[in-house]
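So the protein sequences, as listed, match chains A and B.
If you're matching positions, the first sequence starts at 0 in numbering that gives the first Met the number 0 and goes up one per residue.
If you're matching positions, the second sequence starts at 0 in numbering that gives the first Met the number 0 and goes up one per residue.
Just so you know, not all the hints are guaranteed correct.
To be verified - Derived CB-CB ranges, DEER-like:
(1) I119(A) with R245(B): 21 to 31 Å
(2) I77(B) with D27(A): 42 to 52 Å
(3) F344(B) with G25(A): 21 to 31 Å
(4) G98(B) with G25(A): 52 to 62 Å
(5) D250(B) with P56(A): 31 to 41 Å
(6) G25(A) with E109(B): 39 to 49 Å
(7) R43(B) with P56(A): 23 to 33 Å
(8) R333(B) with G25(A): 23 to 33 Å
(9) D27(A) with E109(B): 52 to 62 Å
(10) A254(B) with I119(A): 29 to 39 Å
(11) F344(B) with Q40(A): 23 to 33 Å
(12) D27(A) with F271(B): 38 to 48 Å
As the list claims (entries may be wrong) - Now the stretches of chain B that chain A is said to cover, found in silico as 3 or more residues with beta-carbon under 8 Å:
(13) 198 to 204
(14) 319 to 325
Because the hints were derived from the structure by calculation, they are not lab data.
These numbers were taken from a predicted model, which means no experiment stands behind them.
Using N, Cα and C, we set each Cβ at its ideal position, and we do this for glycine too.
Residue strings, one per chain:
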Amino acid sequence: MGKTILVVDDSASVRQVVSIALKGAGYDVIQGSDGKDALKQLDGRRIHLIISDVNMPNMDGITFVAEAKKLPAYKFTPIIMLTTESQEEKKKQAQAAGAKAWVTKPFQPEQMLAAVSKLIAP
Amino acid sequence: MAELLWALGALAVGLGAGFVAGRRRPAPPAEVRPADGHIASVTRLAGSLAPVWSAQIDSSRTQMESAVSRLTEQFAGIVENLDTVLASSAGALEDGHGGTFDRSRSRLGEVVGTLDDALATKRQTVAELRNLQTLNTELRQMSGEVGAIAAQTNLLALNASIEAARIGEAGAAFGVVADEVRQLADHSLGTSERMAEKVGRAGATISAILGHAEETADREDRAVAGANAEVQAVLDDLQALVNGVRDSSGDLERAAVGIRSEVSQSLTNLQFQDRICQVLEHLRDSVTRFAETVAEAGERARADAPPIDPDEALAAISASYTMDEEREAHTSGRAAGVRESEITFF
Numbered sequence: 000m001g002k003t004i005l006v007v008d009d010s011a012s013v014r015q016v017v018s019i020a021l022k023g024a025g026y027d028v029i030q031g032s033d034g035k036d037a038l039k040q041l042d043g044r045r046i047h048l049i050i051s052d053v054n055m056p057n058m059d060g061i062t063f064v065a066e067a068k069k070l071p072a073y074k075f076t077p078i079i080m081l082t083t084e085s086q087e088e089k090k091k092q093a094q095a096a097g098a099k100a101w102v103t104k105p106f107q108p109e110q111m112l113a114a115v116s117k118l119i120a121p
Numbered sequence: 000m001a002e003l004l005w006a007l008g009a010l011a012v013g014l015g016a017g018f019v020a021g022r023r024r025p026a027p028p029a030e031v032r033p034a035d036g037h038i039a040s041v042t043r044l045a046g047s048l049a050p051v052w053s054a055q056i057d058s059s060r061t062q063m064e065s066a067v068s069r070l071t072e073q074f075a076g077i078v079e080n081l082d083t084v085l086a087s088s089a090g091a092l093e094d095g096h097g098g099t100f101d102r103s104r105s106r107l108g109e110v111v112g113t114l115d116d117a118l119a120t121k122r123q124t125v126a127e128l129r130n131l132q133t134l135n136t137e138l139r140q141m142s143g144e145v146g147a148i149a150a151q152t153n154l155l156a157l158n159a160s161i162e163a164a165r166i167g168e169a170g171a172a173f174g175v176v177a178d179e180v181r182q183l184a185d186h187s188l189g190t191s192e193r194m195a196e197k198v199g200r201a202g203a204t205i206s207a208i209l210g211h212a213e214e215t216a217d218r219e220d221r222a223v224a225g226a227n228a229e230v231q232a233v234l235d236d237l238q239a240l241v242n243g244v245r246d247s248s249g250d251l252e253r254a255a256v257g258i259r260s261e262v263s264q265s266l267t268n269l270q271f272q273d274r275i276c277q278v279l280e281h282l283r284d285s286v287t288r289f290a291e292t293v294a295e296a297g298e299r300a301r302a303d304a305p306p307i308d309p310d311e312a313l314a315a316i317s318a319s320y321t322m323d324e325e326r327e328a329h330t331s332g333r334a335a336g337v338r339e340s341e342i343t344f345f
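Take these sequences, add in the hints, and give me the full structure.
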């Protein structure tokens with residue numbers, strides 16, 4: 000049983016790319032299509048890491064991170080922001096909300112796996 | 000398009016004229032100016048075109064997103080299938096064909112080993128029968144020797160009887176003894192002859208058993224040797240088969256790994272869709288904003304208010320961008336390349 004990672008992105012293709020890279024490295028993956036949907040996935044199940052987009056409909060990634068951090072079970076769950084966004088201001092907002100890393104798209108699977116393994120052991 | 004450019008030019012001229020006029024002298028309040036018609040026309044055109052362009056952009060974006068999503072799902076399905084095939088192939092080699100072959104070889108080896116043991120026991124029995132035959136031969140020789148001794152004793156006893164008779168009265172008792180000895184010698188001779196006959200029959204039986212045992216042992220030797228050769232040939236064939244399957248499986252596995260890697264890379268390249276969608280969304284918003292700006296410019300021209308600030312409008316559009324290449328293209332007016340991914344840890 001591998002560690003479980005929640006991947007949140009409104010782009011189905013990005014979710015698939017990330018999922019395949021993670022599954023290939025032995026992680027279990029669950030998906031959310033936006034911040035609101037992802038919050039529903041946080042129903043007490045054990046999630047070791049979250050990878051979230053920033054610009055999404057219904058609930059953006061930074062709001063989602065802030066909301067997730069309010070839940071005791073996920074207070075210390077590391078979160079990586081995976082986004083096309085490059086504004087420093089947004090990075091600061093994500094950091095303030097509780098994100099641990101910021102990865103810009105388009106990413107290479109090896110880069111993503113390196114970032115993941117820095118935050119949780121495989 | 001030429002009409003639109005003409006109208007936009009007229010609007011610019013009108014706005015410029017209005018701006019210059021607004022700075023130099025107040026406009027006549029209720030006068031209908033020639034530019035007003037152009038401004039109204041351009042404003043209406045922009046207001047009508049903006050939703051059309053937005054719809055076209057949205058339509059393109061939606062179609063691309065939908066197509067790329069399907070493509071991605073199919074690629075993901077291929078990768079999952081390949082993973083399943085790879086796992087199944089590795090399992091089959093480790094626990095299936097290879098394991099079955101090893102188990103078969105071990106069990107066949109045990110069967111042949113049992114036959115070898117039985118054959119060794121038989122060879123030992125044959126060796127013991129040969130020993131028995133040798134002993135029997137010795138017994139026959141010994142019984143012959145006993146017969147010879149009895150015959151010699153008989154002859155000696157006869158001589159003794161003759162000598163006893165020649166002595167007369169004094170040798171009578173000795174003659175009796177000599178007769179008794181001769182009878183014993185006869186008896187011994189008879190016993191030794193019967194013994195020789197029994198030993199001979201026993202020897203013949205032993206020889207018959209030995210001959211049969213040797214014949215069957217030879218036959219079993221050849222049968223076991225043949226079985227060994229057959230088993231080895233079958234094992235060699237099976238080994239060749241397993242090696243062939245393993246080689247083919249290895250080739251398939253390498254091909255599957257290569258395909259998986261290429262499909263994964265293709266999936267990675269499909270990330271362009273996410274970026275293009277965002278650019279198109281921003282472009283759609285900009286078109287809407289442009290129509291609003293044109294309308295506002297018209298309003299201002301009609302009200303003789305100061306014209307809109309193009310730099311301000313452009314800055315507002317630029318502020319809505321999320322990607323560096325959007326900003327770069329906005330500033331340079333040329334297509335911008337995609338930036339390398341960056342990772343920042345907080």
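Hints, one by one, checked against the model:
| no. | hint | result |
| --- | --- | --- |
| 1 | I119(A) with R245(B): 21 to 31 Å | 37 Å, violated |
| 2 | I77(B) with D27(A): 42 to 52 Å | 20 Å, violated |
| 3 | F344(B) with G25(A): 21 to 31 Å | 22 Å, holds |
| 4 | G98(B) with G25(A): 52 to 62 Å | 25 Å, violated |
| 5 | D250(B) with P56(A): 31 to 41 Å | 47 Å, violated |
| 6 | G25(A) with E109(B): 39 to 49 Å | 41 Å, holds |
| 7 | R43(B) with P56(A): 23 to 33 Å | 32 Å, holds |
| 8 | R333(B) with G25(A): 23 to 33 Å | 44 Å, violated |
| 9 | D27(A) with E109(B): 52 to 62 Å | 45 Å, violated |
| 10 | A254(B) with I119(A): 29 to 39 Å | 33 Å, holds |
| 11 | F344(B) with Q40(A): 23 to 33 Å | 25 Å, holds |
| 12 | D27(A) with F271(B): 38 to 48 Å | 28 Å, violated |
| 13 | 198 to 204 | violated (count 0) |
| 14 | 319 to 325 | holds (count 3) |
Hints 1, 2, 4, 5, 8, 9, 12, 13 from the list above are not met by this structure, while the remaining hints are.
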